Amino acid sequence: MVLLCGIPSESPLALVGAQLRRLGVPHVFLNQRRFAYTDLWFALSNGHVSGRLSLDGRAYRLEDFRGVYTRLMDDRALPELKDEPEDSERSRRSHALLDTLMQWCEVTPARVVNRTAPMGSNSSKPYQSQLIREQGFSIPETLITNDPELVREFLSRHQQLIYKSISGIRSVVETLDESALARLDHIRWCPTQFQEYIPGKNVRVHTIDTRVFATEVVSNVTDYRYAHLHRNGETTLSPTQLPDKLADRCLRLSRTLGLAFAGIDLKVTPDERVYCLEVNPSPAFSYYESNTGQPIAEAVARFLSGHWA
Amino acid sequence: MWLVLCETQDVAAQWAYLGLRARGVEPLELLTSANLAQAVSWEHRLGDKGAYTTFTLADGRRISSDAVRGALNRLLTAPSALLPLARPSEKEYASQELVSFFLSWLHSLPGPVLNRATPQGLSGQWRHLSEWVCLAAGAGLPVSSYALSTETGTGYAPFQSSLAPPGAAVRTVLVLANQVVGDSIPEAMAEGCRRLGQLSNTALLGIDFAANAEGYWTFASATPLPDLRPGGEALLDALATELTRG
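If you read the sequences in order, they're chains A and B.
One point on numbering: in the working numbering, the residue at position 185 of the first sequence is 185, and numbering is uninterrupted.
One point on numbering: in the working numbering, the residue at position 20 of the second sequence is 20, and numbering is uninterrupted.
If you are wondering where the hints come from, they were derived from the structure by calculation, not from laboratory data.
This structure is a prediction, so every number in the text was calculated from the model and none was measured.
Ideal Cβ placement from N, Cα and C applies to all residues, glycine included.
Heads up, some of the hints might be wrong.
Taking lysine-lysine and the DSBU-like style, the derived pairs with C-alpha atoms no more than 30 Å apart in a straight line are [unchecked claim]:
id: 1; chain 1: B; residue 1: K91; chain 2: A; residue 2: K245
id: 2; chain 1: B; residue 1: K49; chain 2: A; residue 2: K164
id: 3; chain 1: A; residue 1: K201; chain 2: B; residue 2: K91
id: 4; chain 1: A; residue 1: K267; chain 2: A; residue 2: K164
id: 5; chain 1: A; residue 1: K267; chain 2: A; residue 2: K201
id: 6; chain 1: A; residue 1: K82; chain 2: B; residue 2: K91
id: 7; chain 1: B; residue 1: K49; chain 2: A; residue 2: K82
id: 8; chain 1: B; residue 1: K49; chain 2: A; residue 2: K267
id: 9; chain 1: A; residue 1: K267; chain 2: A; residue 2: K245
id: 10; chain 1: A; residue 1: K164; chain 2: A; residue 2: K201
Partial pick of chain A residues on the chain B-facing surface, computed with a CB cut under 7 Å [stated by the list, open to error]:
id: 11; residue: P26
id: 12; residue: A36
id: 13; residue: Y37
id: 14; residue: L40
id: 15; residue: L72
id: 16; residue: V107
id: 17; residue: A117
id: 18; residue: P126
id: 19; residue: T145
id: 20; residue: H186
id: 21; residue: I187
Covered stretches of chain B (chain A as the covering partner; in silico rule of three or more C-beta atoms under 8 Å from a C-beta of chain A) [stated by the list, open to error]:
id: 22; stretch: 37–43
id: 23; stretch: 177–184
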C-alpha cells in the first residue's frame, strides 16, 4: 500500500494518485487539511518500526505502507488554521500530526519520496552548489557578500550578473541592472548572492530512482518560471534526451543527495558545457508533465509501489 | 590557523580553546557569535575551483579560508546584530538567508572540522530522538522502546530529548575519531558508540546512557554539541591530534 500525504487536489499528488489508481496499486490519501480527524503513532523496538494511522476513523498499520509520497505544506498556511493562534488546540494538533508524520518518515523502512533530512540541501543554495560541484558539474561563479565594491568588481569581470535568494524561500531570479545597482548599498545589511549569468538552454531533469526525464525549456525571460508575469514573456517546454554520461551524472547527484526523486536544473551553454544551477528535492513536476506528456507521475507511482513492470 | 567557533556563552568551547592552546595548536582564533555578528565585511566565493571566504571583524582581524587548517565548530545559529532591525515582514526571510550563508561558509571550511555544518545544524546534524534511537539500535547499543503519538493524552512529546527517566543515573561519553572518552563503559558498548558516530556521520559526538529499572545501562540520547569537559584531558589530546592531522 502507498501513502500519499498533503492536499489531495494538489497537482503532483493528484497525478501520482491517478497513476496508482490506473496501476491498481492500493493507496490512501492523508489529507493534511483533515488533521482534526487524523491520528498517528509509531513505536521503535529493537530497531523495528511499527504503528498505526487513523484517517477519519479508519485505521491502517504503518508496517503495511511500502511507499510514501509527501507533498506536505507549512501548516500555518492551511485554510483551517487561518487566524488561529499558534498555541491553540487546533494549531497544536496540526503541528503534532505534521511533526509525528515527518519523524516516522525518517525512520520507516518504506520508500519515502523524499525523506526530510536529504531535502535540507536545498535550504542553502551555495551549500548545495558545493555538493553539486563535487559530482563533476560546473557551477556558476558566485559571490556572496555585503560589500558593494566587491559586487561592482565582480560585475566588471562577468559583464552580466543575476541575483537571487540563497535560502529555501523562493525568489524571482533577477538581472543586476541599473536600478538594482542603484540599490546596492542595501546589501550591507545581509550578505547577498550574485552569480555570473550563464547563457544557453535550460534543461530540467527529473530523476526518479533509475529513470531520467529531461525537458528543454526555451524562454525569453531570465526566470522562466515567472514568464507569465512579463509582458510578452514566453516559455515553451519539450522533451529532450540527455547523453548517457550526463544522465548517469544526474542520477549519481540525486543518489548522493539522498533523493529518490529530484528536479535538477541544468544550463547547457552554446559550447555544450553543462552547469547545474540547483536541485529541487520536492519538484512540482506537473508543470513539466502537462506541457510535454512525459510520464513522470507514472514513474513516481511505480517507484512507490515497488515495481517497474 | 585553527578556529574555535562558538556561541558567546559556550564555556565548554572556551575550555577547549585554552586546552588546545596549551597543546600548541597555534595560531588559534576564538570566534564567538558576537564577534561574527559584528563582521564588517564578508566575501564568500564559489566556482569550479571550490570555495573561498574572507571576512573582516570589527576588531580588525581578517580571517581568510586560505589560512584555515581546521576548526572546532560549535555554532548554533547564524549570528546577526542587525536582524532585530529588519522589517517584520522581512525578518524571517533575512534570518533564513543568514543561516543559509553560514551553512555554506561553515561547510566550506578547509581541514578537519568538528563538526562540519549540515542543513540540520550548523555544528553537525541535530536529530529527533526517534532517529537517534533507530541509529543507536542499528549500532548495536542497548536501547529501550520509544513511541511518539498524536493521540490526545498519549505520548506526543516533541521536545523529549532523552530516554533517561527523571533522576536516573547517567553516564556520558564522547566519541572522536574512533576514541571513546569520558565515563567508563564496557568495551562492547564503546564499540557501539564508535559505530553510532560512523552511522550518524558525526565526527564529535556526545552520548548519554541511563540506568534502567533493572540496573542495565541503555542508550538515552546523543548530540553533536556535547559538553566537552567530561572528556577531560583525554578529549583535549584527541581534539589536538585530530585538528592537526595531515
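Status of each hint after checking the structure:
1. With a CA separation close to 43 Å, the supplied pair K91 of chain B and K245 of chain A exceeds the 30 Å bound.
2. Only pairs whose Cα atoms come within 30 Å are accepted, and K49 of chain B paired with K164 of chain A is accepted, the gap being roughly 22 Å.
3. Taking the CA atoms of K201 of chain A and K91 of chain B, the gap is near 35 Å; set against the 30 Å cutoff, the hint is violated.
4. Restraint check: the Cα-Cα separation between K267 of chain A and K164 of chain A comes to about 16 Å, which is no more than 30 Å; the hinted pair holds.
5. Taking the CA atoms of K267 of chain A and K201 of chain A, the gap is near 6 Å; set against the 30 Å cutoff, the hint holds.
6. Under the criterion of a C-alpha separation no larger than 30 Å, the hint pairing K82 of chain A with K91 of chain B is consistent with the structure, at around 21 Å.
7. For the proposed pair K49 of chain B and K82 of chain A, the alpha carbon gap of about 48 Å is over 30 Å, so the pair is violated.
8. For the hint linking K49 of chain B to K267 of chain A, the alpha-carbon distance of about 19 Å falls within 30 Å, and the restraint holds.
9. Annotation: proposed proximity of K267 of chain A to K245 of chain A holds, straight-line Cα distance about 16 Å (limit 30 Å).
10. Pair hint K164 of chain A plus K201 of chain A holds up; C-alpha atoms about 19 Å apart against a cutoff of 30 Å.
11. With a cut of 7 Å, the hint placing P26 of chain A at the interface with chain B is violated, because the nearest CB-to-CB distance is about 23 Å.
12. For A36 of chain A, the interface hint is violated, the least distance from its beta-carbon to any beta-carbon of chain B being 11 Å, above 7 Å.
13. The beta carbon of Y37 of chain A is not positioned within 7 Å of any beta carbon in chain B (closest approach about 11 Å), and the interface hint is therefore violated.
14. Hint status for L40 of chain A: holds, given a least beta-carbon distance of 5 Å to chain B, under 7 Å.
15. This hint is violated: L72 of chain A has a C-beta 14 Å from the nearest C-beta of chain B, more than the 7 Å allowed.
16. For V107 of chain A, the suggested interface contact is upheld, since its CB lies about 5 Å from the closest CB of chain B, less than 7 Å.
17. Because the closest C-beta pair between A117 of chain A and chain B is about 6 Å apart, less than 7 Å, the hint holds.
18. For the restraint placing P126 of chain A at the interface with chain B, the shortest Cβ-Cβ distance is roughly 4 Å, inside the 7 Å limit, so the hint holds.
19. A distance limit of 7 Å between C-beta atoms decides the matter here; for T145 of chain A the minimum to chain B is near 5 Å, and the interface restraint holds.
20. The interface hint given for H186 of chain A is broken, as the beta carbon of that residue sits about 11 Å from the closest beta carbon of chain B, more than 7 Å.
21. For the restraint placing I187 of chain A at the interface with chain B, the shortest Cβ-Cβ distance is roughly 10 Å, beyond the 7 Å limit, so the hint is violated.
22. Only when three residues or more bring their CB closer than 8 Å to a CB of chain A does the claim for the stretch 37–43 of chain B stand; here the count is 3, and the claim holds.
23. A stretch counts as covered by a chain when three or more of its residues have a beta carbon under 8 Å from one of that chain; for the stretch 177–184 of chain B and chain A the count is 0, and the coverage is violated.
Of the numbered hints stated above, those contradicted by the structure are hints 1, 3, 7, 11, 12, 13, 15, 20, 21, 23, listed in ascending order.
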